[in-house]
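Enquirer: The residues making up each chain are set out below.
Protein chains: 2
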Amino acid sequence: MEKNFSYTSLYNFTYNIFKHIGCNNSDATTATKTLLAADLRGIDSHGVARLSGYVRLWQAKRINSNPNIKIIHETISTATVDGDAGLGLVVAPHAIQIAIKKAEHAGTGWVSVCNSNHFGIAGYHAMMALEKDMIGIAMTNASALVAPTFSIERMLGTNPIAVAIPADKQPAFVADFATTTAANGKLEILQRKKEDAPLGWVQDKNGNASTNANELKQGGALLPLGSDKEHGSHKGYALGSIVDIFSAVFSGASYGPWAPPFPAYVPIPENMPGKGLGHFFGAMRIDAFRPADDFKKHIDNWIERFRRAKPAAGYDKVLIPGDPEREMEEIRIKEGIPVVESVVEELKTLAKQFNIETEF
Amino acid sequence: MEKNFSYTSLYNFTYNIFKHIGCNNSDATTATKTLLAADLRGIDSHGVARLSGYVRLWQAKRINSNPNIKIIHETISTATVDGDAGLGLVVAPHAIQIAIKKAEHAGTGWVSVCNSNHFGIAGYHAMMALEKDMIGIAMTNASALVAPTFSIERMLGTNPIAVAIPADKQPAFVADFATTTAANGKLEILQRKKEDAPLGWVQDKNGNASTNANELKQGGALLPLGSDKEHGSHKGYALGSIVDIFSAVFSGASYGPWAPPFPAYVPIPENMPGKGLGHFFGAMRIDAFRPADDFKKHIDNWIERFRRAKPAAGYDKVLIPGDPEREMEEIRIKEGIPVVESVVEELKTLAKQFNIETEF
Chain A
1 MEKNFSYTSL
11 YNFTYNIFKH
21 IGCNNSDATT
31 ATKTLLAADL
41 RGIDSHGVAR
51 LSGYVRLWQA
61 KRINSNPNIK
71 IIHETISTAT
81 VDGDAGLGLV
91 VAPHAIQIAI
101 KKAEHAGTGW
111 VSVCNSNHFG
121 IAGYHAMMAL
131 EKDMIGIAMT
141 NASALVAPTF
151 SIERMLGTNP
161 IAVAIPADKQ
171 PAFVADFATT
181 TAANGKLEIL
191 QRKKEDAPLG
201 WVQDKNGNAS
211 TNANELKQGG
221 ALLPLGSDKE
231 HGSHKGYALG
241 SIVDIFSAVF
251 SGASYGPWAP
261 PFPAYVPIPE
271 NMPGKGLGHF
281 FGAMRIDAFR
291 PADDFKKHID
301 NWIERFRRAK
311 PAAGYDKVLI
321 PGDPEREMEE
331 IRIKEGIPVV
341 ESVVEELKTL
351 AKQFNIETEF
Chain B
361 MEKNFSYTSL
371 YNFTYNIFKH
381 IGCNNSDATT
391 ATKTLLAADL
401 RGIDSHGVAR
411 LSGYVRLWQA
421 KRINSNPNIK
431 IIHETISTAT
441 VDGDAGLGLV
451 VAPHAIQIAI
461 KKAEHAGTGW
471 VSVCNSNHFG
481 IAGYHAMMAL
491 EKDMIGIAMT
501 NASALVAPTF
511 SIERMLGTNP
521 IAVAIPADKQ
531 PAFVADFATT
541 TAANGKLEIL
551 QRKKEDAPLG
561 WVQDKNGNAS
571 TNANELKQGG
581 ALLPLGSDKE
591 HGSHKGYALG
601 SIVDIFSAVF
611 SGASYGPWAP
621 PFPAYVPIPE
631 NMPGKGLGHF
641 FGAMRIDAFR
651 PADDFKKHID
661 NWIERFRRAK
671 PAAGYDKVLI
681 PGDPEREMEE
691 IRIKEGIPVV
701 ESVVEELKTL
711 AKQFNIETEF
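Protein chains in written order, with the working numbering: chain A, 1 to 360; chain B, 361 to 720.
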C-alpha cells in the first residue's frame, strides 16, 4: 500500500513541479524544503500528499507563483506582511525572517501575515529561529472545521501553534500541535483504514458525540482540544480563537468561518472580511532576557529532568515535545519516505500533466 | 454555608491585612485590587480564600512585603524583572506596566519575572493592557501538581495563560485558563462537597484514571489539558511546559518540579535552580499591526459572528472567552461576594491575629 522514496527523489520531483507552476529557483527551493519538512518529520498529511492540492489552487488562480511579498505596516518590533496570494510555503519563511531581523535589533520580532494560504507545518517555520539562538513561534488560521464549545457550527480551523526553544547539548524543544483534540490528518488516516475514531475527536451535525471518522462529510465538526466542556474544550476553543485573531485580525486576512478553504473545488466564502489565510510569527532572542549560555544550560537541565520523570506503567519514558518528529526525521533521511499509493497516483498524474519524467 | 460580603467590606479588610504585614499604601492597594479581582470574577479559589496563605508565607519569611522590584536585564522590547520575593499580587502589576511601556515605544513589550510568588488571576494582569488599546498576555508557573503525558511524577504547575484582546463596542475577549483539564480550584470544590471528579481530571499515583477528588493527597496528579494521549494531553503538557520556560527559564526563577509551593508548611524544594516563582507578560499595541479602529471593528465583527454561531441542542448560545467572568463581576459588584464558611473562619482568625475590628 506504500512506496518508499528517497528524500532526494521527492525533492527533485517537487522542485520540478514548483518550477513548472512558475516559481523562480529560489522560491521553488524554499517551497520544496518547507513542504517536505512535513514528510521528513512524519506529518504525512501536510507534505507531498498536498502537492497536487497546491497545484489545483494555482490552476484556480488562487495561488500566485510569483508574488510580491511586502511589508504593509511596521514598528520597531512588529510588521504586517501582505503575501500577495503567494504559496504559504514561500510567504511563511519570508515572514519569519522578518521577525528574526526585527528581533536582532529590538530583542523580539512579531509578524502577522495576510493574503497567504497553507504554509505546511508550523514547526518548520518556528525552528528557523533556533540557529539564531532565538525562540521561534508560528501559527496559522485555516478553513473552518471546528465547532466552538456549545455549538454545532464550524467556526475555526485546526489552527496550529508551534514553539521552538533552543537548548545547548540537548536537542531543541519543538512543540507543534493543532488546537483541536486531534488534527484532521489523523481523521483522514482512520477514513482510509475504515476505522472508528475515539470518542471526543468529532461530533455529529447535531452536536452529539460520535466515533464516525467520516462525520465531517455529514455536517459534523472537529472538537477543540479538551473535547467537551467538562474536559476543558472551552480552553481549546479559546486557543484556536487566539490563533485566528493573531493570524488574521491583526493582519487583515479572512478569519473564523470565512477563512478560505484548501480544496480548490470548494468555493471561497462570500463576503470575506479580509484577504486570504493569515499567519503569525514570533522570534525572541534568548539573550534579550538573560545571557544565552545561562538560558541554554537551564533548558538542558529542564529537558534532562523531564526525561527522567518517572514513567507510568507500560511506558518506557517521558517524551520532550519534538522527540518523535526528530527521531522520524533521522530515520527517513536515511531510509526514505513511505508514500501511500493514492498519493503516488496523484504524483504520477502531476508528472503527466507537466510532462516530467519520473522513476515513479 | 456561605456568607455574603460587599466588595467594599472585603476590600477594606484585605487592605488592612496587607498594611499590617508591612506593605506601603500603594502596594496594599495594588495587592488588594489584584486579589479581589478573582472574587469579583467568580474565581473564588484565587481570591480572599488565599489571603491567610499569603500571610503565612510572609510569616515564614518567604514573602517580602517591602520589595525592591527591579529590571535586571533589558532590550528595546524586553525586560527581565527581579521581584525581590515581593507579593506576586504587587510584582505582576508592576511588570505588566513595564511591558506596556516597552510596547508604547517598540510596538510590543515582553517581561519575564523571577523571584516572585502567586500573582492571583492571570486574566487581571492581561486586562491591564486593554485600556491602552493593547493585547495583554500573562502567564505564570506554579508548584508541581501535573504529570506529563506517560508519567506519574508531578512536574508542572497548573500554569495558566491569559490573553486579553480589546474590542470596540463589544466587551473585550478575555481568555484565562489553566493548562490542565481542570484547575485545582475545581477539585477543591468537589473535595468540600465530597463529590467525585469526572474521569480525565486526575490520575492516581500509579497513573490510572481516577474519579477520586482527593487523589492529589495520595500521590496522584492533575492531568494536562487533553486528559490522555488519545485526547491530546501531550498538547496540554507542551503548553504547560512553554509557560514554565517563558516564566521561569527566561527569568531565572525556579522551574518544573522545583517551583516553590504556595502552602507555607510545605518545605521549599532542595537545590532550586532559580529564584522563586516566575511570570511572563506581553503587551502588543494593536496599531503596531494595523490601524486601531480597523482592528477593533473586525474584532467586534469576529465576536458578533461567534455569538451567532448555531448552538447545540440544550444550549442557549455560544460564549466568548471572558463572558462568564464579566457577567459574574457585574452581579457581584452589586449584590456582594459569597464567601464559604471555612474561609470566613480564616478571615476571623486573621482579624484576631492583627487586632482588626470587623463586621464578620
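There could be a bad hint or two in this list.
Claimed, not checked - With a cut-off of at most 25 Å between alpha-carbon atoms, the simulated DSS-like pairs for lysine-lysine come out as follows:
| no. | chain 1 | residue 1 | chain 2 | residue 2 |
| --- | --- | --- | --- | --- |
| 1 | B | Lys670 | A | Lys205 |
| 2 | A | Lys297 | B | Lys635 |
| 3 | B | Lys461 | A | Lys229 |
| 4 | B | Lys589 | B | Lys577 |
| 5 | A | Lys317 | A | Lys186 |
| 6 | B | Lys635 | A | Lys229 |
| 7 | B | Lys553 | A | Lys296 |
| 8 | B | Lys546 | A | Lys217 |
Rather than coming from a laboratory, the hints here were simulated on the basis of the structure. A quick note: this is a predicted structure, and the numbers were derived from the prediction, not measured.
Enquirer: Which of the listed hints are broken here?
Expert: 3, 6, 7, 8
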